[in-house]
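Novice: Single-letter residue listing:
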Amino acid sequence: MGTNGSIPKLSGQRGTYLRNTWYAAGWADELGETPQAKVFLEEPVALFRDGDGVAKAIGGRCPHRFAALGDGRVIEGALACPYHGLRFDGAGACVFNPHQGEAPPKVSLPAYPLIERYRLLWIWMGDAAKADPALIPDFAWLDDPAWEAVRGATLAEGHYELYTDNILDLSHANFVHPALVANAFTIGERKFWQDGERAYSRYTRENDYISPALAAVLGVEGRKQDYFGEVTWHAPANLFFDYRSGEPGTPVPEMKALLSLHAFTPETPDSTHYLWATARDYALGDTDFSEGLRSALAFAFEHEDLPIIRDAHRLMAGRDFWDMEPLVLSGDGGGIRARRLLQKMIKAEAGDA
Amino acid sequence: MGTNGSIPKLSGQRGTYLRNTWYAAGWADELGETPQAKVFLEEPVALFRDGDGVAKAIGGRCPHRFAALGDGRVIEGALACPYHGLRFDGAGACVFNPHQGEAPPKVSLPAYPLIERYRLLWIWMGDAAKADPALIPDFAWLDDPAWEAVRGATLAEGHYELYTDNILDLSHANFVHPALVANAFTIGERKFWQDGERAYSRYTRENDYISPALAAVLGVEGRKQDYFGEVTWHAPANLFFDYRSGEPGTPVPEMKALLSLHAFTPETPDSTHYLWATARDYALGDTDFSEGLRSALAFAFEHEDLPIIRDAHRLMAGRDFWDMEPLVLSGDGGGIRARRLLQKMIKAEAGDA
Amino acid sequence: MGTNGSIPKLSGQRGTYLRNTWYAAGWADELGETPQAKVFLEEPVALFRDGDGVAKAIGGRCPHRFAALGDGRVIEGALACPYHGLRFDGAGACVFNPHQGEAPPKVSLPAYPLIERYRLLWIWMGDAAKADPALIPDFAWLDDPAWEAVRGATLAEGHYELYTDNILDLSHANFVHPALVANAFTIGERKFWQDGERAYSRYTRENDYISPALAAVLGVEGRKQDYFGEVTWHAPANLFFDYRSGEPGTPVPEMKALLSLHAFTPETPDSTHYLWATARDYALGDTDFSEGLRSALAFAFEHEDLPIIRDAHRLMAGRDFWDMEPLVLSGDGGGIRARRLLQKMIKAEAGDA
Chain W
1 MGTNGSIPKL
11 SGQRGTYLRN
21 TWYAAGWADE
31 LGETPQAKVF
41 LEEPVALFRD
51 GDGVAKAIGG
61 RCPHRFAALG
71 DGRVIEGALA
81 CPYHGLRFDG
91 AGACVFNPHQ
101 GEAPPKVSLP
111 AYPLIERYRL
121 LWIWMGDAAK
131 ADPALIPDFA
141 WLDDPAWEAV
151 RGATLAEGHY
161 ELYTDNILDL
171 SHANFVHPAL
181 VANAFTIGER
191 KFWQDGERAY
201 SRYTRENDYI
211 SPALAAVLGV
221 EGRKQDYFGE
231 VTWHAPANLF
241 FDYRSGEPGT
251 PVPEMKALLS
261 LHAFTPETPD
271 STHYLWATAR
281 DYALGDTDFS
291 EGLRSALAFA
301 FEHEDLPIIR
311 DAHRLMAGRD
321 FWDMEPLVLS
331 GDGGGIRARR
341 LLQKMIKAEA
351 GDA
Chain C
1 MGTNGSIPKL
11 SGQRGTYLRN
21 TWYAAGWADE
31 LGETPQAKVF
41 LEEPVALFRD
51 GDGVAKAIGG
61 RCPHRFAALG
71 DGRVIEGALA
81 CPYHGLRFDG
91 AGACVFNPHQ
101 GEAPPKVSLP
111 AYPLIERYRL
121 LWIWMGDAAK
131 ADPALIPDFA
141 WLDDPAWEAV
151 RGATLAEGHY
161 ELYTDNILDL
171 SHANFVHPAL
181 VANAFTIGER
191 KFWQDGERAY
201 SRYTRENDYI
211 SPALAAVLGV
221 EGRKQDYFGE
231 VTWHAPANLF
241 FDYRSGEPGT
251 PVPEMKALLS
261 LHAFTPETPD
271 STHYLWATAR
281 DYALGDTDFS
291 EGLRSALAFA
301 FEHEDLPIIR
311 DAHRLMAGRD
321 FWDMEPLVLS
331 GDGGGIRARR
341 LLQKMIKAEA
351 GDA
Chain P
1 MGTNGSIPKL
11 SGQRGTYLRN
21 TWYAAGWADE
31 LGETPQAKVF
41 LEEPVALFRD
51 GDGVAKAIGG
61 RCPHRFAALG
71 DGRVIEGALA
81 CPYHGLRFDG
91 AGACVFNPHQ
101 GEAPPKVSLP
111 AYPLIERYRL
121 LWIWMGDAAK
131 ADPALIPDFA
141 WLDDPAWEAV
151 RGATLAEGHY
161 ELYTDNILDL
171 SHANFVHPAL
181 VANAFTIGER
191 KFWQDGERAY
201 SRYTRENDYI
211 SPALAAVLGV
221 EGRKQDYFGE
231 VTWHAPANLF
241 FDYRSGEPGT
251 PVPEMKALLS
261 LHAFTPETPD
271 STHYLWATAR
281 DYALGDTDFS
291 EGLRSALAFA
301 FEHEDLPIIR
311 DAHRLMAGRD
321 FWDMEPLVLS
331 GDGGGIRARR
341 LLQKMIKAEA
351 GDA
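Chains as they are written, first to last, in this note's numbering: chain W, 1 to 353; chain C, 1 to 353; chain P, 1 to 353.
No lab work stands behind these hints: they were computed from the structure.
Careful, some of the hints might be misleading.
A pair counts as met if it fits within one copy or between any two copies, since identical chains are not told apart.
SDA-like mimics (lysine to any residue), calculated; alpha carbons at most 20 Å apart, straight line [what the hints assert, rightly or not]:
1) K106 x W322
2) K9 x S271
3) K106 x M324
4) K130 x E349
Please take these sequences and the hints and turn them into a complete structure.
Specialist: Structure (structure tokens):
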């Protein structure tokens, strides 16, 4: 816990969120013996591993004196409050009261369905009865030994949908990321579409230069390649970027690939948990290669994307995106579809309730 | 004055406070020739010593251009505004106008009764006519040469009543302060009561181990002792902790004692001035002993208690304590009594007005 | 762009400003090839130089995804958004869309009249049709080769009118700036008046000591001088300070002069862009002299004035100046006139609209 702690300054609930859905709650291996105090959708959540090592998520505010439970520790499989030691199990029930043999009070905290899958923790902030693990989007490559991933996590200032927009409009690379500039984004073929509750952006370009950084990573500096890049948006804000390239004429499935995750989970209307990973199925075990890739991507996301999105967020000054009548460009086909789908899903969910 | 100054960012008055009472305004010896700018109960206050060295407290905002008077200096016994030099005496009257022989304007600032007692400054933020020094709680040991005290002062994020709760429920030591764990808190005998406008928590335990840190301080490592700990709450938030222990069978008055003050004075609804001291009547003049004790206590209060209470405060998100329906445990007998007494006193005072 | 960026956290418009007027937007030579993102009167503004090197000011929020345009770069004379590369000319028109040959969208950003004069950029935040360059106050000495200026720029916490007050009441020097103390301010002759839309403060004193720092600068330590200091306020907050002194009996026009600019432009109701300069017509080219003068003035303005005004601003807690019923001293004749004139001008402008 840093000087300023893991709990942001909160006021009354300000945002509206899709609740019956899976949000990425963190990297599974970063949740070890030490619990975590986080805020998702303006709600405090405590993450911990129970006696069987199973990751659990329960309400993060102790009902006694409101301490952040995630700053506690696990004792006999239950999460002990860091303040007065009440213990809660993974179902949120108070199971132990250390005070004078007093019975555990009959209280329970919210228990959030939490699934460990693809090296991530996935949390369901809505009606637990509807929490179907089959709805978790497929990121199987993240724990497929054939793929080696570099990854990161950061807390980013700005509304999470601004971060979604960023990934669904890859043309920003040509302006924001000097190392990732590619003709594919500006004069390549683009396609934006939706399919059920998913939105897509695809960029293809035959026989042209790919970006300088990718050419270096793939060892094809100065050689024209075929380029394929497809982003899939899973509501509310989990994105898959399937990048492939190869010698001109190579069929897409035979191209060399870099698969990426960009998962955004709102902390508050002004801040977003950002989890990212990029995997390859070559140069496995090459730690220099991995570190070079990781640091380049961390720089791109945290020092190139983030300041721009943070300032855009500040310039919105708390106003609604649509109320600001944003200019829609042809390249926004992915982002706008995702925003409209999410809006519809949030409305439908409110109608349900 | 640090980079960010001594004045917090204020908005309109947000809290409700007991006004006809004594608050601890600081350590007397820290107020020397240099005046101080502080905020108590969301009101700016200037503290200074007049020509006789008597500590005075007056409104801390100059009526001219609103400068923080406490950042000024004392000239001929009056506090000169740091901005344009108007001077105010300890009664708040403007006594000197340095501009062109102009008469002092007929304005007066609030003058807050201020008493220097027990090495502390005590301020009365209410009706001066009711400011009876006899109402200052008895902390005579703080300036009794038989007792040698270590002490500290810090500005702590969080509502002052959360800090009161902390001291009135000493069982938190077993979870928050590894060096202060004691069976007394969990299986000892407890008693919580009130008497007039005071609330009490008492913990006793016979023939058992006291905490590791206290055993080391007292030179009784590995030896069972009788334990006595009693907290007295004086409204609104001045607490006395009387700790004693000794060989089994020792009568309480003959035990070795550590007497502590924990005084909390609200700066704003979100921040609290925290003054503490702990005194002993042995190892007098042993500066190594003193420094070890002081640093251990400063660590416990500022690095163990404060982050937990700060996060609890943030998780309350500005809501009222009772509206949050806190779970009441058997160990809350002291804290709840203090909260109810204070609430009643604040209501009674409002009725008066 | 620093860690926290150039864009402050904004909420809905809170202040009321004079719009049909010239505000100082920055030092002209600090706007080179790199555009600037600033906020004036709570509005984002992008400053850049077009293909002819002419300084331009347009709305600083891209209409597409709200990025801060001033963080972009200039390409072929137009300002390219740092996020997706839309380009805007100095009239605010979108002139280039880099995406797939798509036509530039028919949008235009506000274009603010911007004049480069006296080494400053002057911006008009109101009705462009009324932006008469002749209304820019005369600071011709700033680019007169006969005068050599030292200067600075800082972002200062506090409302801009508090900064105006500071300059119009020079008597503060005797309390805030030990090096600038002078009898002129306390027992000299003062005159405060207004003339049309200007307000003035004048301080004169014959045959007395000038301040220690000025005496050193002018090489007259220990010698009595005649003193002349006149401040001219140009609405909304551009001030000229004409300081002169010389051997007793010297006519004012023949005295040695230090001419100063203090220009205040509101960023938000809580923060102010502060531009200052001081020029002399002697010791030209003496860089040691210049650096000594510059660092002394920067210290005085940024470390002596600013903390006092910041704390005064905080102690106003968002309340209106007049609602606080400020005490008016005889030395406030300049500041009060300026406040009343500005208030009247803002009212008149609102009536226009």
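Novice: With reference to the structure, classify each hint as holding or not holding.
Specialist: Results of checking the hints against the structure:
{"no.": "1", "hint": "K106 x W322", "result": "between (45 Å within a copy, 19 Å between copies)"}
{"no.": "2", "hint": "K9 x S271", "result": "both (11 Å within a copy, 13 Å between copies)"}
{"no.": "3", "hint": "K106 x M324", "result": "between (48 Å within a copy, 16 Å between copies)"}
{"no.": "4", "hint": "K130 x E349", "result": "within (12 Å within a copy, 52 Å between copies)"}
Checked against the numbered hints listed earlier, the structure breaks none of them; every hint is satisfied.
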